[in-house]
Each structure stands twice: as structure tokens, then as C-alpha cells.
Amino acid sequence: MIRTICMGAVLALLGGCAHVGVKPWQRDSLARAAMQPDNEGNISGYHDHIYFSKEGATGGRSSDGGGCGCN
Amino acid sequence: MQLSETKYRKLGSIAAGLSALSANLLSANAAHAQDASAPQNTEAHLPGLMDEPAPGAGSVVLDSSVLFYQETGGRVQAIEPVINGEVHLDNGDVISGGLTYDSLTGATPNGAAPSTGRQTFSSIIRQATSTQVTSTSASGNSTVTSIPGTTTANSVYTQPARAIPLASFHDHRVAANLTYNWQADADTHVKLGGAFSVESDYTTFTGTTGISRDFNQKNTTLSLTASVEGDISRPHGGTPTAYENLNTLVTGGNDHKTVINVVGGVTQTLTRFWLTQLNYNYSTSSGYQADPYRLISVVDNSGAPLAYLFESRPRSRQRHSFYWGNKLALGPTVADVGVRYYTDSWGIKGITAEVSEQVPINRYLYVKPLFRYYKQSAANFYEPYLISQSGATTFSGLPAYASSDARLSRFSATTIGGRIGWRLFEDSELYVEGESYRQAGTHTIAGAPGQLAGLDFFSGVHAISVMMGFKIKM
Numbered sequence: 416m417i418r419t420i421c422m423g424a425v426l427a428l429l430g431g432c433a434h435v436g437v438k439p440w441q442r443d444s445l446a447r448a449a450m451q452p453d454n455e456g457n458i459s460g461y462h463d464h465i466y467f468s469k470e471g472a473t474g475g476r477s478s479d480g481g482g483c484g485c486n
Numbered sequence: 063m064q065l066s067e068t069k070y071r072k073l074g075s076i077a078a079g080l081s082a083l084s085a086n087l088l089s090a091n092a093a094h095a096q097d098a099s100a101p102q103n104t105e106a107h108l109p110g111l112m113d114e115p116a117p118g119a120g121s122v123v124l125d126s127s128v129l130f131y132q133e134t135g136g137r138v139q140a141i142e143p144v145i146n147g148e149v150h151l152d153n154g155d156v157i158s159g160g161l162t163y164d165s166l167t168g169a170t171p172n173g174a175a176p177s178t179g180r181q182t183f184s185s186i187i188r189q190a191t192s193t194q195v196t197s198t199s200a201s202g203n204s205t206v207t208s209i210p211g212t213t214t215a216n217s218v219y220t221q222p223a224r225a226i227p228l229a230s231f232h233d234h235r236v237a238a239n240l241t242y243n244w245q246a247d248a249d250t251h252v253k254l255g256g257a258f259s260v261e262s263d264y265t266t267f268t269g270t271t272g273i274s275r276d277f278n279q280k281n282t283t284l285s286l287t288a289s290v291e292g293d294i295s296r297p298h299g300g301t302p303t304a305y306e307n308l309n310t311l312v313t314g315g316n317d318h319k320t321v322i323n324v325v326g327g328v329t330q331t332l333t334r335f336w337l338t339q340l341n342y343n344y345s346t347s348s349g350y351q352a353d354p355y356r357l358i359s360v361v362d363n364s365g366a367p368l369a370y371l372f373e374s375r376p377r378s379r380q381r382h383s384f385y386w387g388n389k390l391a392l393g394p395t396v397a398d399v400g401v402r403y404y405t406d407s408w409g410i411k412g413i414t415a416e417v418s419e420q421v422p423i424n425r426y427l428y429v430k431p432l433f434r435y436y437k438q439s440a441a442n443f444y445e446p447y448l449i450s451q452s453g454a455t456t457f458s459g460l461p462a463y464a465s466s467d468a469r470l471s472r473f474s475a476t477t478i479g480g481r482i483g484w485r486l487f488e489d490s491e492l493y494v495e496g497e498s499y500r501q502a503g504t505h506t507i508a509g510a511p512g513q514l515a516g517l518d519f520f521s522g523v524h525a526i527s528v529m530m531g532f533k534i535k536m
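Line order of the protein sequences matches chains A and B. Just so you know, we're using this note's numbering here: the first sequence kicks off at 416 and counts up by one. Just so you know, we're using this note's numbering here: the second sequence kicks off at 63 and counts up by one.
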């Protein structure tokens, strides 16, 4: 069920892509470093390491691997 | 997807030029317009710390930091310095890489169930000489006594009654990564990267490749990334077989695991203030997936321990993650809101929700409170203990797989924290983040046999993390 909803959301988003968005001169706020999806730098690596070593679920944001340290 | 810094500055110049032209046309006093466009104090033109543009061509970004991680109750303590760098070449390509060092020490649950009496964990290990010695091992609290006439020894440690049994450890890790991101054309990026991580008993190599392409005037980005990971497990004392008794000499050598990971994603600009991202992540792993040091207790019908066996896990696992993330510019603030649904072939289902809000205090300072909630179901082979007949020394009829690892149990976790970022000087940021991570779960087991009834089985952690770093753009 959840998988179906997610796939539906993806298709709806893709279908609407041509009609949403901004013009190049409207990117003032979006161009800020703070608005980039992956701007957490080293902090996101720390979070990934802590949660990977303490929880059963992982992944979703990126595919980069890297070691265990799982005590 | 993002506007490069160069383009951002060009847009700024065009806007400034149009403003000046308008002023000249509309104003009867040309001298006034000239004054308005005159150079001003550099300090006044410095954008706020949160208004800094994303790094563009020709820039170099360095991010160095250290993590201090401490679990309460004398559990794991970690110190992790990291340095990462990005070089944005003039042609749009980006080279990024980093180094990590990790020092881990403390104690972690050994997997055995608690008991109303003191528990002694005795194993047989290899030793270089046959002389009889009694010593404390490098791993902490074990007493190692040679067995005369052999090159083996008894390693023994004892844990108090009614407590979650812990085993001491000390380890360190070195990791590095390097990625080349090639701008194939104005809308396409291709990346190729590699990484490795080495611990005293575990080594990982990862190769990654990916492609992303912008559409719809760069409002839509589709991306696909794939990685292959090879792991080598080299446990101290060898790799135990499934359900091997702790009190035997482990003879297994190294073992391996291979992981293939694929992430497909779409990032979409919805409005001037809203960026959304959807990712699907599939990974499949095959090979050794157990924890080579983790035990599981076999108890009799009174709950008394009969033996401690090494755990047993499947040798394959398939994971699916669905992630939805959002960046929202709400006035001068930036909110980060994300949810993730996870499911895997071991029966774990997890949901994660996280939200943070970056708020500028002034042009030099921001604060960023954050909250994360996580909840997972138990793996279908999670067992806090196994039950056998009284007096048994060999055990038949055990399930194919069983592990008491708390990471495979049903629990929830909350993270509460916040960050402060401070501009020391132009294009630099000093940041400090503090967090409390607390797991919550079931403490007692309904229907536990005999003496195990009412004992606290919960081995979840409460950890405090402090991360501090310095980021500079040149």
C-alpha cells in the first residue's frame, strides 16, 4: 500500500514537472547554500554513522557506503 | 539544479545594472543615480551567513570537524575527527574527498540474557606460546589463563547479576573517500568515486558511479547512483559458525560480504521557496552478516543459563528505502523536513521523521534546532534467548536463525538537539551541534520463564553527541 502511494507520488510529481518550477531570475532564495539538499557537510556523515550503528534501518538519502564501527 | 556562484553573481550584476538604468531613466537628477551606484562599504555588501550562495566554479571548500560521542552507563565512547574538501574547477567539474579517523572504546552488550545470578563467560582462544600466564587482555576486563601443554588459553570475564551482560572493547578506524564529478554538458553530471574503511577486524571497499540530469529549465533533476561494496570480516579469534558454543576453540577464518546499492531520485523545484526530493534506495547484500562477537543465551525452563552460543543470521538481505525530503525557505529561515519508510527481507519495517529549522539571529550567527523520531519493528528472527531442556549440553531443534541484537528488536528513538553557526570571518563558519539520542523499548518480557520474569532486558542506548567544526570557502 505504502509502496503504491510512493510510486503514485513519484509519477504525479514527474507528470507535473513541466508545469511547476521557477524562472532563472527567481532563484535568489534557492541559490543559497542553505537551500541545497546536501548542505549538511560533515554533520550528515556523523548522523549516518550514529544511526547506522544503532538502528536496523538505513539508506534513503545516498548510496555511499563506508565501514562498520557498529558496537 | 543549483545556480552556481558565478551565475548567481552574474544575475546580481544584471539586477544591479537594471536598477541603475531605471534610476537614470526615472530620475531627473542624474547625479543622484550616480551616487546610488557608487561602490559601498564591503562589509555592508557581505551577505548574511545563511544567504551565502552555493559554492561555484573556481572555489574550494574545506570542512574539518570532530565528534565526541558518549553513551551513558559506561557504554560506547567515540571520538571522530573528519576533514572533507571540495574543489570546484572552472569547467564545472568537482573533485571531493575526505579522511576520517575513529577511536572507539567502552562496553557493548555481548548478547546474552540477564540472569538473577552472576554470569561467567569463558572462551578458548589461541595463544602464541604455551607458557602458563594470567593476565588482563588488551580488550579490557578478561582474565586470560594458558592451558598447559597447548597453544590455547581460557579467556574469562564475569558480569553482575540482573544486569545486561557487557563486553569491553577498543578499536579504531581509518576511512577515506574520493569522488570526481564530471560536468558532461550543461545539464548532465557523471560521478565516479571510491572509498575504503579499515578497522582492526573489518575492512570495506566501495566503488560508486552515478549520473544526474537537469530538465525543465533546471527545475527538475533526475539522478541514478549505484555502488558496490566489498567487506572483509576478520574477527579477533576467528569467525564462529552459527550456534557455535562460546566455550570452544573457534577455527573459522575470515569471511566476506558484498553489497550492491542503487539510489534513484528526483529533485523538483516547486516554488521560489520550496525544493522537494524523492528517493528510492534498493540494496542487496550477500555473505557474512552476523556479529562475530555476539552471543545468545540458551536457558532451561527455569530461566537458568545452560550455554552461550554465537548468533545465527541469514547470509542475504534486501533493503528498500523510500525517502521524501523538503527544503523550505520560510522568510529568512530554512526548514528541512524529511520522512523515510524502510523495509527489508529480515522483517524490519522502520519509519523516520526529522525536522530542523535554521534561523538567522543576525548576519553572523544562526541557530538550528532539530528533532528526529525513529521507530522500527523487530526482525523475524530476533530472540532475546533460546529455551532448551534442563541439563542439555547439545541443542537440537534450534531455529535456523536467532539473534538478540537490540538493533534487530522493536524500539523507537528520539533525537533532540541544535546547532549554532558563527561566521568568524568572510566565507567561513564555526559550528557546534549538540544532541541527545535516546532509545525506548520493552523492558520486561511477557511469559519469560522462571527467573527471567521481571528482569530488565532493554539494552537501548542514551547517547550524547557534540560535533564541532570549521568550514571555509576559498
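For the record, the hints were derived by calculation from the structure and aren't laboratory data. Where is the CB? At the ideal position from N, CA and C, for every residue including glycine. A hint or two may mislead.
According to the in silico footprint, chain A covers these stretches of chain B (three or more CB under 8 Å from chain A) [to be verified]: (1) 207-214; (2) 364-375; (3) 408-416; (4) 483-489; (5) 502-511.
Once the Cα atoms are required to be at most 25 Å apart in a straight line, the calculated DMTMM-like pairs of lysine to aspartate or glutamate come out as [unchecked claim]: (6) B:Lys-411 x A:Asp-443; (7) B:Lys-319 x A:Glu-455; (8) A:Lys-438 x B:Glu-114; (9) B:Lys-437 x A:Asp-443; (10) B:Lys-319 x A:Asp-443; (11) B:Lys-280 x A:Asp-463; (12) B:Lys-535 x A:Asp-443; (13) B:Lys-319 x A:Asp-453.
Each hint, compared with the structure:
1. 207-214: Since 0 is below three, the answer is violated.
2. 364-375: violated (count 0)
3. 408-416: holds (count 4)
4. 483-489: Contact hint for the stretch 483-489 of chain B vs chain A: violated, 0 residues under 8 Å.
5. 502-511: Contact hint for the stretch 502-511 of chain B vs chain A: violated, 0 residues under 8 Å.
6. B:Lys-411 x A:Asp-443: violated, 40 Å
7. B:Lys-319 x A:Glu-455: violated, 30 Å
8. A:Lys-438 x B:Glu-114: holds, 20 Å
9. B:Lys-437 x A:Asp-443: violated, 37 Å
10. B:Lys-319 x A:Asp-443: violated, 46 Å
11. B:Lys-280 x A:Asp-463: This hinted pair is violated, its Cα atoms lying about 29 Å apart.
12. B:Lys-535 x A:Asp-443: Roughly 20 Å separates the two Cα atoms, so the pair holds.
13. B:Lys-319 x A:Asp-453: Distance ~29 Å between Lys-319 (chain B) and Asp-453 (chain A) Cα, so the pair is violated.
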